[in-house]
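2 protein chains.
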Amino acid sequence: MREDYVRIFDTTLRDGEQSPGATMTSAEKLEVARVLARLGVDIIEAGFPAASPDDLEAVRRIAIEVGIPNDGTRPPVICGLARATRNDIEKAWEAVRHAARPRIHTFLATSEIHMQYKLKMTREQVVQRVREMVVYARSLCEDVEFSPEDAGRSDPEFLYRVLGEAIQAGATTLNIPDTVGYTLPDEFGALIAGIVQNTPGIENCTISVHCHNDLGLATANTLAGIRAGARQAEVTINGIGERAGNTALEEVVMALHTRPNQFGLATGIDTTQIARVSKLVSNYTGIVVQPNKAVVGANAFAHEAGIHQDGMLKHNQTYEIMRPETVGASVSKLVLGKHSGRHALKARLTSMGYFLGEAETDQLFERFKALADKKKTITDADLEALISDELYQPRELFSLENLQVACGTMGMPTASVRLRDPSGNLHVQASIGTGPVDATYKAIDAIVQVPNILQEFVVHAVTEGIDALGEVTVRIQGENSLVLDAQTEVDQPRTYGGYGADTDIVVASAKAYLSAINKMLVATGQYGPVEFAATQAVQQA
Amino acid sequence: MREDYVRIFDTTLRDGEQSPGATMTSAEKLEVARVLARLGVDIIEAGFPAASPDDLEAVRRIAIEVGIPNDGTRPPVICGLARATRNDIEKAWEAVRHAARPRIHTFLATSEIHMQYKLKMTREQVVQRVREMVVYARSLCEDVEFSPEDAGRSDPEFLYRVLGEAIQAGATTLNIPDTVGYTLPDEFGALIAGIVQNTPGIENCTISVHCHNDLGLATANTLAGIRAGARQAEVTINGIGERAGNTALEEVVMALHTRPNQFGLATGIDTTQIARVSKLVSNYTGIVVQPNKAVVGANAFAHEAGIHQDGMLKHNQTYEIMRPETVGASVSKLVLGKHSGRHALKARLTSMGYFLGEAETDQLFERFKALADKKKTITDADLEALISDELYQPRELFSLENLQVACGTMGMPTASVRLRDPSGNLHVQASIGTGPVDATYKAIDAIVQVPNILQEFVVHAVTEGIDALGEVTVRIQGENSLVLDAQTEVDQPRTYGGYGADTDIVVASAKAYLSAINKMLVATGQYGPVEFAATQAVQQA
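Residue numbers (the numbering used here), protein chains in the order written: chain A, 135 to 675; chain B, 135 to 675.
One chain only, chain A, in its complex shape (with noise of 0.2 Å):
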């Protein structure tokens, strides 16, 4: 291992999308570990395979599909997650160890309130588990990450015990999380720094940093661990996670690359890509970025966006301390009009980092034309808008045929759909609601008749001004959907995200209930096995 080299650890799809609502589909999965690849990820942790088949099969998918070089790069290591139990591990392995370079993460907790209260077990059981279940995975896996859960608040001398067992059954990287985000930047750094001198083998493997941002400190606890000596740092785009979530890989990422003097340490992260990815887990996921946000909120770098700024563009250090451009996020926005070719599109697609086919190239272009007579320009925000609509919906067992809707201050919001079911045949409903939403949803439950609870609807403008299409995100919960939650061992309801863009926000809405609505038809199995490649489109009416 370099000292001067910090290897990032994404989770975005394992801890990230553990969160509430952060459900994406294994098409959308296998994307976001493809642009993590692109980005320069070391270690992608696709996701936890024991928690149902589903999530398996995704992982194996990843591993197959990104874990495995097709062009002479160095591929990411794809890592899947197991409690310490026989059946966890195996399943993990299962999954991973497709890839070129497969990891597996198997964890136990070992601060008192967890083993007395949810493991139900002693000190001396939580040893011999550990040794056992590492020396397991390792005659799997070369490769095996080790988590102490709740190291933050554990007794220290335990957990240097613990560590070092798990050292001597062949764990190779030894992960400390702050699974609360209890712990403060000093008192983890000195957790860090206790473990380097106290834990017994400990030269011979790689400390890694895994934090929570409860108390708004990930960033800073992340950045303290590595000074102490950690060499992994586990992160999530945008910070997305459980609670208040995770580590946020671009602010880690920036920190280092900010403050060279201060660190001394490189990552593999091409951090022009850090607009861009962040963008693409916000459409998947549904979990919208705070305009204050850190690097990839919109106004991140507002200062850019005035028009009387002369002093500050001539030296932008002034209030700038890093360039828009660093990160991804001052392309220039005016690319495409109505008068643009398959070509120009095809082109600027490419420096966006999307390779399509000539199918999907020749659905977008025709997506692409239809709006162009719409709107004036075509951004890359609306392209990525048209991508996310198009390509990388779920499998379409309803699709969409007509919508006509009217409403008003007048009363009665009047919706009236045409949906094509899975067989093939058409369905109208006219129903009324509260508003043009209500009443097109509630028109589309009386087709589909799957009973869900609407969790959350949102609805942005991807560009400046009135002609804008409009994006919308949905989450919706089933009555009977459950999964397992890697930490509390208990079944959580799942939620599945849905996504639509139109310039008619109703139309919009439509596509975005539909495409949650298959996601979790997909998922639960009532129409046949989950789909993985990017799927039929969603049909234009």
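Hints are computed from structural coordinates only; laboratory data are not their basis. Mixed in with the good hints, there may be bad ones.
[To be verified] The list that follows gives simulated cross-link-like pairs (lysine to aspartate or glutamate, EDC-like), each with its CA atoms no further than 20 Å apart:
| # | chain 1 | residue 1 | chain 2 | residue 2 |
| --- | --- | --- | --- | --- |
| 1 | A | K576 | B | D507 |
| 2 | B | K252 | A | E454 |
| 3 | A | K508 | B | D579 |
| 4 | B | K508 | A | D579 |
| 5 | A | K254 | B | E454 |
| 6 | A | K480 | A | E454 |
| 7 | A | K252 | B | D507 |
[What the hints assert, rightly or not] Covered stretches of chain B (in silico footprint by chain A; criterion: 3 or more residues with CB under 8 Å from a CB of chain A, positions within the stretch not fixed):
| # | segment |
| --- | --- |
| 8 | 415–426 |
| 9 | 570–578 |
| 10 | 585–594 |
We put the CB at the ideal spot given by N, CA and C, even for glycine.
Starting from the known structure of chain A, arrange chain B on it as the hints suggest.
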């Protein structure tokens, strides 16, 4: 000054309100000041009075209405920002002098890059200006705060000298800003420790810290400054502010509160009001809070939401370091239904902290009954949306009488609107657009005829369920509407936010757009002076 007490200096209304799109009406500012006083902040920085006559007037109103105790309690200090010029200091004094405890806060940059490129002043000139202007401010006001701008990048020796001069000249609080969010916690702590040790006369002053979040480290830096001896923290609600924002009040307060053994420091904040104030500021500024935001994000306490969480509930400390009740996030959400009377509504509003007059209660009760006819249960969030929509609107110049919309996939989305103008005349206009909102806004534009650019458009469902109220926030930028930025000293384009709530999101969109247009017309003086009290409500059709 008590050694074990940290003063909370809230600058939501100054540094927060400067962020793009966060512009608030004077009525909204006054309401925010009221809830900040109730929250228990020690100092309210109410604005930058030299920016415009409106800004001065807004600060003056806050000084009078919030800065004078009317019930025997100790009111917060009301502070106004001023560059280090006689004119700015006079304007600040004119605005804050009515308060029982006024403060003038003046600043001048001390970093080489700012002195050379922005101020074009030598070190000696800077020292002299600081001395003169602090003396002048002190001649008007007992309580004077001085900030060396960009202290984080200033030469420490020079900084000690400037601060020493400010103290000799009469400054009572010395605020150390990390203006560009560049420092790391260790560095910032060391900067404060150096100031404590090397600045002549510092022992009689309060040291304050003011951090920015460009690298995600604002909270950690603020806490490091406090550990090193600072006893005032400058913060904003939700961490709003320019670029990646300021330090979030809720994170600093909850870190001190959650880790008493580490800090041993108290604040005057009533933490149980944090969630409500966060929501109010988000509504008024239109700046959303991401679900994974620490302390105030929708998911911050998401473990509570699950249904199969016996283990969690029995031993909630397993995965939880603070209780949602502590920040007021878990009050029962189900409050009222269609059979609830006016008395029940008023009681609920009072317990939520809204003290409305009879006329306002009547007005709200009417909206409440209309909503209860459409929606089964009315939650606190619904009530807050109605209050924002009904009571905290700008003076209504143009008002919506009627709206009728047809849209869908069949083409030609059409909107017809009827507006009442400031003279009471009715105007009707039909328009075609790319979607229902575009058509509606084009029809409104054709009547109002005030050129503007729509910068942001967001719709949120207030609660779960397809029958939820939709709240729309928009942000527009007028073509000739500029405002002076205190730091860059250039005129920035001013943007105006608008808010509307309705079960019909197209109606809510129309109301939000009119609210932003009215705000812009009032602020640019196109229709008489700014109004302060909670004003006429949007009429219901």
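Outcome of the hint check:
As the CA atoms of K576 of chain A and D507 of chain B are separated by approximately 17 Å, the hinted pair is consistent with the 20 Å bound. Distance restraint check for K252 of chain B and E454 of chain A: the Cα-Cα separation of roughly 13 Å lies within the 20 Å cut-off, and the hinted pair is therefore satisfied. In summary, the hint linking K508 of chain A to D579 of chain B is supported, as the alpha carbons are separated by about 18 Å, within the 20 Å threshold. Proximity of K508 of chain B to D579 of chain A is assessed by CA-CA distance (about 18 Å); at most 20 Å being required, the pair is judged to hold.
With a CA separation close to 19 Å, the supplied pair K254 of chain A and E454 of chain B stays within the 20 Å bound. Proposed proximity of K480 of chain A and E454 of chain A is contradicted: the alpha carbons are some 34 Å apart, above 20 Å. For the proposed pair K252 of chain A and D507 of chain B, the alpha carbon gap of about 46 Å is over 20 Å, so the pair is violated. Beta-carbon proximity to chain A at under 8 Å applies to 6 residues in the segment 415–426 of chain B; the threshold of 3 is reached and the given coverage holds.
Given as covered by chain A, the segment 570–578 of chain B passes the check, having 5 residues with a CB less than 8 Å from a CB of that chain where 3 are the minimum. By the rule of at least three residues with a Cβ nearer than 8 Å to a Cβ of chain A, the coverage given for the segment 585–594 of chain B holds, with 8 such residues.
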